[in-house]
Amino acid sequence: MLTQITHDGDINLEAIEQYICRVQALTELLRKSQARAINIACDTPYFGIFGSEAEMHEKLARQNAVTSRIAGYLYKVIRKELRNA
1 MLTQITHDGD
11 INLEAIEQYI
21 CRVQALTELL
31 RKSQARAINI
41 ACDTPYFGIF
51 GSEAEMHEKL
61 ARQNAVTSRI
71 AGYLYKVIRK
81 ELRNA
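This note's numbering numbers the first residue of the sequence shown as 1 and each following residue consecutively.
You may find that some hints are simply not true.
What the hints assert, rightly or not - Simulated restraints on C-beta separations: (1) Lys32 - Glu55: 20 to 26 Å; (2) Gly51 - Gln18: 41 to 47 Å; (3) Pro45 - Tyr73: 54 to 60 Å; (4) Glu17 - Ile49: 47 to 53 Å; (5) Leu82 - Pro45: 42 to 48 Å; (6) Asn84 - Gln24: 17 to 23 Å.
If you're looking for bench data, these hints aren't it; they were derived computationally from the structure.
Even glycine gets a Cβ: it sits at the ideal position worked out from N, Cα and C.
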């Protein structure tokens, strides 16, 4: 898609911009999700006093699943673009 050339012989800049925006948005979501998982893990003293360790592990597992889904989608977007190149 990115290398798609219009009938005028120009490179499709709009497709390139859309791809870059999509990758940047997914990368930012991935960073935020990883930071949230780190915050959950760093709250271990809180869970030790006010909550259960099982609750912390459950929250961490859920956040890691979210991170994994975002990473998988980012991988799919990049792989699709490389396949179409």
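Here is what the structure says about each hint:
1. Distance hint for Lys32 and Glu55: a CB-CB separation of about 22 Å, consistent with the stated range 20 to 26 Å.
2. For Gly51 and Gln18, the Cβ-Cβ distance of about 43 Å falls inside the hinted range of 41 to 47 Å, so the restraint holds.
3. About 34 Å separates the C-beta atoms of Pro45 and Tyr73, a value inconsistent with the hinted range of 54 to 60 Å.
4. For Glu17 and Ile49, the Cβ-Cβ distance of about 49 Å falls inside the hinted range of 47 to 53 Å, so the restraint holds.
5. Under the hint 42 to 48 Å, the C-beta atoms of Leu82 and Pro45, about 44 Å apart, fit the expected range.
6. Distance hint check for Asn84 and Gln24: the Cβ-Cβ separation is about 19 Å, which falls inside the suggested range of 17 to 23 Å.
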